[in-house]
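**Q** Sequence:
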Amino acid sequence: MHSLHLLAFSFAACLQPVGLAYAEPAKESHTAVYELEWAQTPFGPEAAPVAGDFTNGQHITYIKFPAGMVTPVHTHSTDYVGVVITGVTRHWLPGKPESKKILPAGSHWAIPANIDHVSECLSGVECVMAIYQDAAFDFVPKAD
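Be aware that the sequence shown starts at 1, since it is given in the numbering used here, and climbs by one per residue.
Keep in mind that the hints were calculated from the coordinates and are not lab data.
By construction, the Cβ of each residue, glycine as well, lies at the ideal position given by its N, Cα and C atoms.
A few of these clues could be false.
[Claimed, not checked] Distance condition first, Cα-Cα at most 25 Å in a straight line; then the derived PhoX-like pairs of lysine-lysine:
| no. | residue 1 | residue 2 |
| --- | --- | --- |
| 1 | Lys101 | Lys64 |
| 2 | Lys142 | Lys96 |
| 3 | Lys142 | Lys100 |
| 4 | Lys100 | Lys64 |
| 5 | Lys142 | Lys101 |
| 6 | Lys142 | Lys64 |
[What the hints assert, rightly or not] Beta-carbon label-pair distances, calculated as ranges:
| no. | residue 1 | residue 2 | range |
| --- | --- | --- | --- |
| 7 | Glu98 | Pro141 | 19 to 25 Å |
| 8 | His30 | Glu98 | 39 to 45 Å |
| 9 | Tyr34 | Ser99 | 18 to 24 Å |
| 10 | Trp38 | Pro97 | 32 to 38 Å |
| 11 | Gly95 | Thr31 | 36 to 42 Å |
| 12 | Glu35 | Pro72 | 31 to 37 Å |
| 13 | Glu98 | Ser29 | 35 to 41 Å |
| 14 | Glu37 | Ser107 | 32 to 38 Å |
Let the hints inform the model, and build the full structure from the sequences given.
**A** Structure (structure tokens):
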């Protein structure tokens, strides 16, 4: 996990060419992986802020899934882009088997707003992902 921040900053730098520039001005900071402040979320995984506040607007946030975690089918009200930092994940759309691509560390994905999908940690160890959104993060489970 020593390369966690390098990947996150590379991820943030990649947002600029696709029109997803982060609104806050850059501030000098240094956070070691062991200094991350993880908090339990109401929807299951833990989250740690990188920039912004995922509960209140534009943000880059680390999300940590325990090994084997599979979310229910759900949506988010805004687009998001993610990068796998550690572990092996999959973020797929029900009814679209071609979307079940295995994503090892260093891989990325994007899910548009209001699209049903499932996220899972396939590895035998926890999965850490960095996500970027223009608005607060939400998790809306699909009704059965």
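**Q** Does lysine 100 sit within 25 Å of lysine 142, going by the straight-line distance between their CA atoms?
**A** With a Cα-Cα distance of about 19 Å, the restraint between lysine 142 and lysine 100 holds, given a limit of 25 Å.
**Q** So the hint says 35 to 41 Å: do the beta-carbon atoms of glutamate 98 and serine 29 match that?
**A** Hint holds: Cβ distance 40 Å, inside 35 to 41 Å.
**Q** Between the alpha carbons of lysine 142 and lysine 101, is the straight-line distance 25 Å or under?
**A** Within the cut-off at roughly 22 Å; holds.
**Q** So the hint says 31 to 37 Å: do the beta-carbon atoms of glutamate 35 and proline 72 match that?
**A** 32 Å, holds
**Q** Between the beta carbons of tyrosine 34 and serine 99, is the distance compatible with 18 to 24 Å?
**A** 35 Å, violated
**Q** Within 36 to 42 Å: is that where the Cβ-Cβ distance between glycine 95 and threonine 31 falls?
**A** 40 Å, holds
**Q** Could you say whether the range 32 to 38 Å given as a hint is met by the Cβ separation of glutamate 37 and serine 107?
**A** 26 Å, violated
**Q** Holds or violated: the 32 to 38 Å window for the beta-carbon distance between tryptophan 38 and proline 97?
**A** 33 Å, holds
**Q** Hey, lysine 101 versus lysine 64, does the alpha-carbon distance stay inside 25 Å?
**A** This hinted pair holds, its Cα atoms lying about 19 Å apart.
**Q** Take a look at whether the Cβ-Cβ distance between glutamate 98 and proline 141 falls inside 19 to 25 Å.
**A** At roughly 24 Å between Cβ atoms, proline 141 and glutamate 98 fall inside 19 to 25 Å, so the hint holds.
**Q** Does lysine 64 lie within 25 Å of lysine 100 when you go C-alpha to C-alpha?
**A** Distance of about 20 Å is within 25 Å: holds.
**Q** Within a Cα-Cα threshold of 25 Å, do lysine 142 and lysine 64 meet the stated pairing?
**A** 22 Å, holds
Going down the numbered hints, you'll see the structure goes against 9 and 14, while the others check out.
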